[in-house]
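Q: For reference, the chains in residue letters:
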Amino acid sequence: MDQFIFAAEVVLNGLMTGVMYALVALGFVLIFKRRASSTMPKGFWRCSRR
Amino acid sequence: MKLTLAALATTMMVASPALADLIVPNMSYRTGPYAANGIPYADGFADYFTLLNERDGGIGGQLVQVPECETAYNTEKGVECYESLRTQNPLVLNPLSTGITYQLIPRISQDGIPLYTPGYGRTSAKDGSVFEWVFNAPANYWDGASVAVKHILDQEGGDLSGKKIALVYHNSAYGKEPIRTLQELSEKHGFELVELPVDAPGQEQKSQWLQIRREQPDYVIMYAWGVMNQVAIQEAVNIRFPMDKFIGIWWSGSENDVRAAGAGAEGYKALTFHGVGRDYPLYEDLQTHVYDKGLAAGAGDQAGSVLYSRGAYAALVIAEAIAKAQELAGTPEITPAQMRDGFEALDITAERMAELGLPDFGAPIALSCDNHGGDGLARVQQWNAAEGTWSLITDFIEPDAEILDPLIKEDSAAYAAEAGLTARCN
Amino acid sequence: MGIQNGQVPFAHLINATFGTSLHHFGWTVPAVLAVALTALIMVLLAFLIEKLVLQHLVGQEPIILFMATIGLAYFLEGLGDVMWGADIKALDVGLPQGISDGIEAVTGQWFGYGFFIDRLDLWATLIAAMLVAALVAFAQYTKQGRAMRAVADDHQAAMSVGISLRFIWVMVWSIAGFVALVAGIMWGTKSGVQFSLSLIALKALPVLMLGGFTSIPGAIVGGLIIGVGEKLFEFTIGPMVGGATENWFAYVLALIFLVFRPQGLFGERIIERV
Amino acid sequence: MNAMTQDGYVTADGRQIGPVVMELKNITLRFGGVVAIKDISFDIRQGEIRAIIGPNGAGKSSMLNVISGFYHPQDGQVIFKGQPRPAMKPYQVARLGIARTFQNIALFDGMSVLDNIMTGRLNKMKAGFLSQAIWWGAAEREENENRAAVERIIDFLEIQNIRKTPVGRLPYGLKKRVELARALAAEPNLLLLDEPMAGMNVEEKEDMSRFILSVNDEFGTTICLIEHDMGVVMDLSDRVVVMDYGKKIGDGTPAEVRSNQAVIDAYLGVAHD
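Protein chains in written order, with my numbering: chain A, 1 to 50; chain B, 1 to 426; chain C, 1 to 274; chain D, 1 to 273.
Just so you know, the hints here were simulated from the structure itself, not pulled from any lab data.
By construction, the Cβ of each residue, glycine as well, lies at the ideal position given by its N, Cα and C atoms.
Treat the hints with caution; some may be incorrect.
Covered stretches of chain C, going by a simulated chain D footprint (3 or more residues, C-beta under 8 Å) [what the hints assert, rightly or not]:
(1) 159 to 173
(2) 213 to 222
Label pairs and their computed distance ranges (CB to CB) [said to hold, decoys possible]:
(3) Ala386(B) to Phe167(C): 35 to 41 Å
(4) Asp101(C) to Asp159(B): 31 to 37 Å
(5) Asp405(B) to Tyr74(C): 42 to 48 Å
(6) Phe167(C) to Asn201(D): 37 to 43 Å
Generate the whole structure from the sequences, applying the supplied hints.
A: Laid out in structure tokens, this is it:
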């Protein structure tokens, strides 16, 4: 029983630690999310800026 | 700004042509995650030699050059530093990292360059009969563990039977150092030892502190470094662990480690093998000859801090060893081998410390061929959060030689067997 | 295509350090103002990064961008060092810390053992929930949010409907910077503001591997799974193997997931378009 | 074609075509050493359906990309509504009221059909960030107006039943239609269609042709399209530019082009399928 209660406490704390991890990961995701298609017309970048 | 000044100072020193100068590299880390600790240490180390150069014209008439090499507390980079510093004929190296020390021991033994690792590195290097080139006076990790337990014994009226002591440690070669000693001590004194490793870097220690909260140990001893220190102290405050029963090794006892926890850290204890603060005559000289001349290695805001004091103390011991080596060799231009002899004949008495402007700052150090680690004395300091200062609350405490000496013999003998060394000093 | 691959955002985390450190730049200002100022600086920084660095690297090999971002991170770290020094600063934006007495008392009554819950963690959870809700609302219901999703989906099409990629990039960097600022404040409150904060990236990596690099729900669920998983593992199995299993566990779990779902829990299927 | 004047002309089916909207003057575009477009000039008039045809690799898509700002020619001028247009980013061109579709479909796969089409109206939305943030007043009214406009387009293109479907799940033909819808949502002055019927079956082609014609008819939208399929182009367009190897080899009504010997030699004789 004690073990179970301790485990419950550990899980709760783990959840909140997870929130802290998620916060950090979230920032990364926002940046990575922009990685979308790379189906630019050939030579697009070269020509589109002069 | 600091960086530029330091770099400038280094280049200026390196540029001076006198080849016969004494070369004592400063393997520092002013960048990276551990910079907060590396900077004050490097500043103290450099400032002490600057003082000797400015005030006394060096040591025995020879100027001391302190080329700085940035290790970023990274073992590979430290080894690279060694490779480049080696060509400059250094007298002694102080890598300020246990990881780098372990990598360098075989190399410097090969190359015949003394290694000075005060308060860190390989503990059994204290045995000079095996580790000819390594010195780790005045105290090592095992001394620290023993002194901590002795302090606890004092607190508990000499009886620890039935008590529980937790060791929270950095899960690395460094953090694991005291385990064996503490196990032996727990047998001797009858306390229960709870080992709680924390994964590097140690930003997340909830599991460990939840366990401490469950198990309610009477004392917690900590071997941590960098961010692990701040988080551990904060977590201890969070679970309302009594701070005066929480004792850190000297690497867990700088201002950096306690400040972030604010008022909650009041009463936290840590070991130290040297004094702290600017209340020593030495600082008057540093002020006149170094700070006022604008020659300080850093921004000058670190003077008197724990790690600055430790850096300066390391420089002091090296300087004394150089002087001794010069005396023995009969010439101011000494070689690394003569430097080793200087270390082995080192005898820094309490009077000498007073003469150097640091009365009662460190315990006397007397080394010999087979004792490279001194007596291992350390004392306990306690944090005063309101004033933001450490105060020394005990005198120097002697470690338990009865336990430690056999352990050191055992470990160094194993190394000697593995490396095919025969004991010297006979 | 260029920019995004390389952006493995070391600079992003440094933003966090950078941001929270501003609080201590000589002047003393109220916490709220400091946070607002920092957010402003973050936007400025996003703009400058885009203008001075990323713009010139458009279309380059990812590895070059990667190197550029690392360089940027070092630069910012150095700048932070010069401006604020490397000492560890206590960060107090008024978030409470320490055990929550209420929860301890209540659980003590229920179970005979008072749970330890850090008040900072409670606040962090609350703030994170609000942040995510705000982000989702922003992405779903605002013009800029729609544009942002559009860019994430297809650059070419986004441009054809009149979306300025640069504006979106600056915006995304700013938002990411703001999220990093919040994360930085949380972690900074815990350990003090210091350069070690950038080491948290070591923990973000398995979370991202698990959740998928491009999924917001993935980041949240991944974070929770790793948080709970590593604590439970340390609690149950840890004592048998000598403890300190957290980092090890996080990476092993992430790797196991990778075997079965290379794109992560919520990641988009990886399709190489040619 | 009846007599062409400054102000326009009347088409064979009797529609009045207006003055020049877009004029391309001596356009030359190179990629490194490769010349994609060589000294081409032509114009697009208000209300007409203008086609660009030519074999693969003739430079048609490059031409469209020049018009939509995705490429910048090394030489020559793009004159829009009488003003020489400086080098612009594609999004700036889009904001001038030039919408386009892509040969290989560029939709936002993760979003629903409705959301995709809504992106076409992003530039019609003026409400500030803050009022949007709190979903209030002008922003809400604006959102509703734009939504209504989008619904009209959905009705017009007969895609009501897939409004909420994520675009990624749609079949090819419908994707093309959604892309057209998104372009229309911007209420463009000039609509650029890059092979709108590529890869479609006959039935789908007929549908698409019908939509293109009724867009032109009902909204008066000027349309410039690229097509591979000769038959379709000849039926749809008012005037045709023929390209081959980056050069213009013919320009005129479908009838004129069809009888142009150079065109027959270079294109019709060789690549007709």
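Q: Indicate, hint by hint, whether the structure satisfies it.
A: Outcome of the hint check:
| no. | hint | result |
| --- | --- | --- |
| 1 | 159 to 173 | holds (count 7) |
| 2 | 213 to 222 | violated (count 0) |
| 3 | Ala386(B) to Phe167(C): 35 to 41 Å | 51 Å, violated |
| 4 | Asp101(C) to Asp159(B): 31 to 37 Å | 34 Å, holds |
| 5 | Asp405(B) to Tyr74(C): 42 to 48 Å | 47 Å, holds |
| 6 | Phe167(C) to Asn201(D): 37 to 43 Å | 40 Å, holds |
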